[in-house]
Structures are given as structure tokens and as C-alpha cells.
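Top line first, the protein sequences correspond to chains A and B.
Each residue of the first sequence is one higher than the one before, counting from 1 in our numbering.
Each residue of the second sequence is one higher than the one before, counting from 200 in our numbering.
One should not assume that every hint holds.
What the hints assert, rightly or not - Not the full set, but computed from the structure, chain B residues with beta-carbon under 8 Å of chain A:
no., residue
1, Asp345
2, Leu346
3, Ala348
4, Met349
5, Lys351
6, Val352
7, Tyr353
8, Met355
9, Ala359
10, Val364
11, Pro367
12, Gln409
13, Trp445
Claimed, not checked - For lysine-lysine, the following PhoX-like pairs were computed, each having C-alpha atoms within a straight-line distance of at most 25 Å:
no., chain 1, residue 1, chain 2, residue 2
14, A, Lys91, B, Lys351
15, A, Lys3, A, Lys196
16, A, Lys109, A, Lys91
17, B, Lys351, A, Lys3
What the hints contain is simulated information worked out from the structure, not anything from laboratory work.
All values reported here derive from a predicted model rather than from experimental measurement.
Using N, Cα and C, we set each Cβ at its ideal position, and we do this for glycine too.
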Amino acid sequence: MIKVAILSKSYGDTQVLGRVEFAVQAGETVALVGPSGIGKSTILRIVAGIDGAFEGQVERPDAAAIVFQEPTLLPWRSALDNLLLTCPGLKPDAALHALDRVGLAGKDKEFPGQLSLGQQRRLSLARAFAGRPGMLILDEPFVSLDPHMADTMMTLTEDLIAEARPATLLVTHAEAEANRLADRVLRLQGDPATLKAES
Amino acid sequence: MPDNRATPFLSILGLLTLWVVAALLTDDPQTLPTPWQLIPLFQRELASGELVHHLGATLIRVMWAFTLAMGFGVALGIVMGRSERVNRWLDPWLVIFLNLPALVLIVLCYLWIGLTEIAAILAVTFNKIPNVATVVREGARALSPDLDAMAKVYRMSWLARLRHVVLPQLAPYIAAAARGGVAVIWKIVLVVEFLGRSSGIGFQIHLYFQLFDVAMVLVYALSFIFVMLLVEWAILQPWERRVRRWRSA
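For reference, chain B alone in the conformation it holds in the complex:
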């Protein structure tokens, strides 16, 4: 039996093998190139600065949308989880926005605000806020009433309560919303760029889609997947381990 830590690598290796076999069977680089056929294209885009430029543009949009969606979503989730009255008022909105297709919000934002950076980021943010709020609301409903009472008796300030009593209890919910959020947000950002921006991975995919260039579509898509995996491994997972360290202590 292989070491458990090696399993993800073996799994990815299996996916690569599948790709190679499919590419060899297809025997048409225009339809499905092999991984090694992408390497020179990747090097060319990297050297020209195009790849970095478009990766950066998408990453900035992802970061803005992620920050705004998490900020507003967490705040909304806490308020809705803590106040039954507010929840009764806002729950129908949440249901509507949860069921509104991302594409509709993107198109409406572009129509109402124009083909601007603000419209693009807002469209992604509005798409993600309901999901974050829904997850965090469940966490806020599960907050310990005993800890709440303790904080009240000891007269902890609202900021201290938020930081040391409420947010640590919500951390697993926020972490779940954040990880799910990043995965969804970058995909929506690509759609937003596809439809109405002149930079970013989505824009490049749109360009090479029009040229029927599968290899370049894959170069840009895989590059960004790699960046998002780095974000997951280098930022999100260490942060999650940090907020959970008291559980394993």
C-alpha cells in the first residue's frame, strides 16, 4: 500500500496518464495536445510576459471579489444567524440570489454599470455573498449560549467578543466558505472576463476559443489552476491548520 501522503500525487499522475492516452489515441494536437506539446507554448507565453499579465489581472479580480464576498457574506451570515427577525426578512432574498444564475447577474451588472472593472468584480461578489452568508449563518446559529453568557457577565467589549468568542467558533464555517468560495469565485471571474473584459485568463480563453486553439486554451487554464492550487496549499490550508491548532493540541 502506498503512503497516504503519496496518494494525491499518484492520483494526479493517473489523471495525467489518462490525458496522455487520450491525446495519443486522438492523434490530433488541434483537438487534444499531449502535455509535453504545451510546454514550449507555456514557455513562450511566460517569456513574452503575456501569461504573467493575464494571470495577474485575474488574480487581482479574484482577490477583490473574494475579500468583498467574504466580508459582506460573513457579516450578513452572523446577523442572520443571531437575529431571527432579520433572518425572516432576508431569508427570501437569500433564496432568490442563491437560485439566480451567475450569468444573469454578470449580464445585468455589465448592462447597468457598463463593461468596467467595478461591474466585473461586483458581479462575482454578488454571486458569492449568498453562499458565504448561508454557510456562516449555520455557524452563527450554533454559537454556544454559555460562552455568550460568560462574555456578557465578564463584560467583554463587543470587539473582544467578536474576536475571541464569536469568530473562533465560526472559524470552521468561515474556512469552509472560504475554500468553497475561492474555487467558485475564480471560475466566475473567468466567465466575467470571457464576456466583458480585455484582460485576464477568461479573456485569453475567449480569444483562443475564437481561434479554435485548444493548446493555448489549455496553457492559460492550467496555469491558473496551478496558481489556485498554490493559493490553496500555501495560504488556505496553513491558515485552516492555524485556526484549528487548539483542537489538536
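Looking at chain A on its own, in the form it has when it is part of the complex:
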């Protein structure tokens, strides 16, 4: 379960976030939507533990995973090593299975640069789910994909979430994406940004 209780977040003298409180249960997917620049990514960074400079508190499971807009892989390590290095304790057999699950069977020895962009995104998904995360953060993971590829990736993501049932926070500016993947949609509005009533 993720419990977020942000009181405020500022960059220098500029307050970008006001009170933002929400929780995401295990197995639940919550989408965070809002216009560009309102502070979605700031909340994501706070929830993920990347940014600790804020007032408030965040409770999150130990095992966390994130899927960025870009694949954000280690280009100098093989596909298999990308999984093994980020998921300590993961056995090679389990890592190979995770690759197989996203359609990358037989690609374990290849470097990310040898994979197509679609395959790199699949590898990024495999990495996120290989460690059986309690918390999953999706940062606009389908933003630059063509409609067909986006649909394929969303179906794969839905299936993987249904299998692993992590508490999932999806940050997106695409309403259709949020409505398709999320159980609940949270909207950010105002300056400093706060949450609008849930839909």
C-alpha cells in the first residue's frame, strides 16, 4: 500500500504543491492526471523516493519499481543483466522467464542498443515486474508510442499488473489511458497544485 501525505513542496521560493493526500491499495491502480507542468512528475518523484525535499510523509512498500517515459536501461549491460542488477535476489531462471513473459525470449544476451525501441520498452516492463514489486510507478510510459504499439503495451501492462497486483500509480496527461488502466483517477489543479475531488 502507498500512503501519500504531502503538505507542501517548493522549488526555491515557488510553492508548486499544496496539500496532496491519497492512498493506493495493493492491487489497485490509481491514475494521476493534470495539465503539463502542474506537478505530476514532482509527486511521482516524491512517491518514488527520488525527491526527499518536501514537507509531509510518504509510506511505501520496500520493493518498488518504475517505468519511465523512456526505457532508461543500462545500455552497457545485457538484457538479462538489466534485470539481475536491478532486482537483487532474482535467479537467472526467473529473469529469463520475465523476459519470455514480455516477448523477449532469446534476447537475454543482447545489449539494449541491439533491441528495437518497442523491445526496449518491453525490457523496461520486464525489469519492473521481475522483482515482484509492492509499488509500481508508471511515468507516462506510452506517451511517444504509435497507437498500435501503445495499445499492445497497455494490454501487456494490464496483464502484468493483474498477475503481480502491486499498488500502482500511473502518471499521465492522457485521459483515455487513465480511464483504461486505472481503478481511480486523481486530478491535480490549481497553483500550488492540490487534488480535485476524485471521480
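On the provided structure of chain A, position chain B as indicated by the hints.
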């Protein structure tokens, strides 16, 4: 057009030709001997064991100074590149040491520590650390924040981050510092030996300089250049190819 791979050999052949022509025009082996006049001298030094002894002494100093300078320089560069605060404090030191003549550091080390092996190696190390740190600092500033964030979320240990996230990104910078480092370090080692050691190529060059023996100066200098080219071809270039292999895969 000659094959590209043959170009370096043709280039070296051109340099040798230039040397031979200059030696023949000079017509004075005391000033500039021909390459073939050096061969018997080289064989004599090799057979007596003198050449190997002095080459070994210099090589050991180069290896120590290189290892220390790269170790401290890389660490300092990473810290300065990652922390603006540390950089603000240490940048003026770096500028001062970058502009301090090698000779001053060598003389000061010998004066303060004495004419010892430690003083010689430290003098070379202190000369090279600022250059390595400066190059690696640029690399540390260019580290990917996305990969940093990824490593943080996936809770990679600091050692795993250093080994698999930070150092591979710094590899081109470290390789550049290493190649430049070896080239500069061995030249400074020769000065250090020239001034205050009783072994090594620099010491031998000093000895034959006092005897005005150009041929022997060339025998020792060229022998060590050859050894350093071997280090470049057999160690540094294969290592660089290895750390870059993912780019060409």
C-alpha cells in the same frame, strides 16, 4: 591509396627516413647517429642487463604513480562533479595545482621528503591528480539523472550503482584520462629520475647527458618509448575497446 591500417606504419617509416636523412647530412655520430648505429649499443645494454634493470625501475614508478593518480583523481573527480558544494571548495585548489609547474612539485617533494622512492612517486602522482580529476569531473557532471533515479527506485546498493551505473558512464572520460595520464606520467617520471634517483631511464639519460653521449641517450629513450607503445597497444587500447564494446554491438 594505401590501406588505412598501413598508414601508421608508413607514418613511422617516414619519421625514420627523416632521421636517417638528417643523420647522413649531419655526418657526425656524436651529434646524431643513424638508427643502425644504435643497434649494437642496444644489444650491449640488453645483454649486460643494464637496460632491463633501468627499464624495470622506471616502469614500476610509472605504474605506482599511474595507479595512485588514477585512483585519487577519479574519486576526486566524481565527488567534485556530483557535489557543487565540494566543487566550490576544491576548484581553486585544482586550478592552482594545474598551473603549478611539475618541476616545482618535484623539487618540493625531494626537499620535504628527501631523495627517496616515496618522494619520487608522490611528486609524479601530485602532478597528475589534477588533470585526471578535471577530466573525470566533466564526466560526473554529465551523468544521466534518469539512470540515477532508476538506480534509486530499484534500491541498487552504492557499490552496484558505482560499478554498473556510474563507472560505465565515466568510462570514456576515465579512458581519456588514463591514456593522457600514461603519456604525461612517464615523462615526469624521467624528470624525477633525472633529478634525484640512482636508477631508471631518467637517471641513465642524466648520466649519458653528462658524458655528451647522444647515442646512449637515444638507446634508453627509444627503448622506453617502445615499452610505452606496447603498454598502449597491449593494455590500454584493448581495455578501451572492451569498455566500448556495447556501443558497437
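Now the hints, each set against the structure:
no. : hint               : result
1   : Asp345             : holds, 5 Å
2   : Leu346             : holds, 6 Å
3   : Ala348             : holds, 5 Å
4   : Met349             : holds, 5 Å
5   : Lys351             : holds, 5 Å
6   : Val352             : holds, 4 Å
7   : Tyr353             : holds, 4 Å
8   : Met355             : holds, 6 Å
9   : Ala359             : holds, 6 Å
10  : Val364             : holds, 7 Å
11  : Pro367             : holds, 4 Å
12  : Gln409             : violated, 52 Å
13  : Trp445             : holds, 4 Å
14  : A:Lys91 - B:Lys351 : holds, 21 Å
15  : A:Lys3 - A:Lys196  : holds, 17 Å
16  : A:Lys109 - A:Lys91 : holds, 16 Å
17  : B:Lys351 - A:Lys3  : holds, 19 Å
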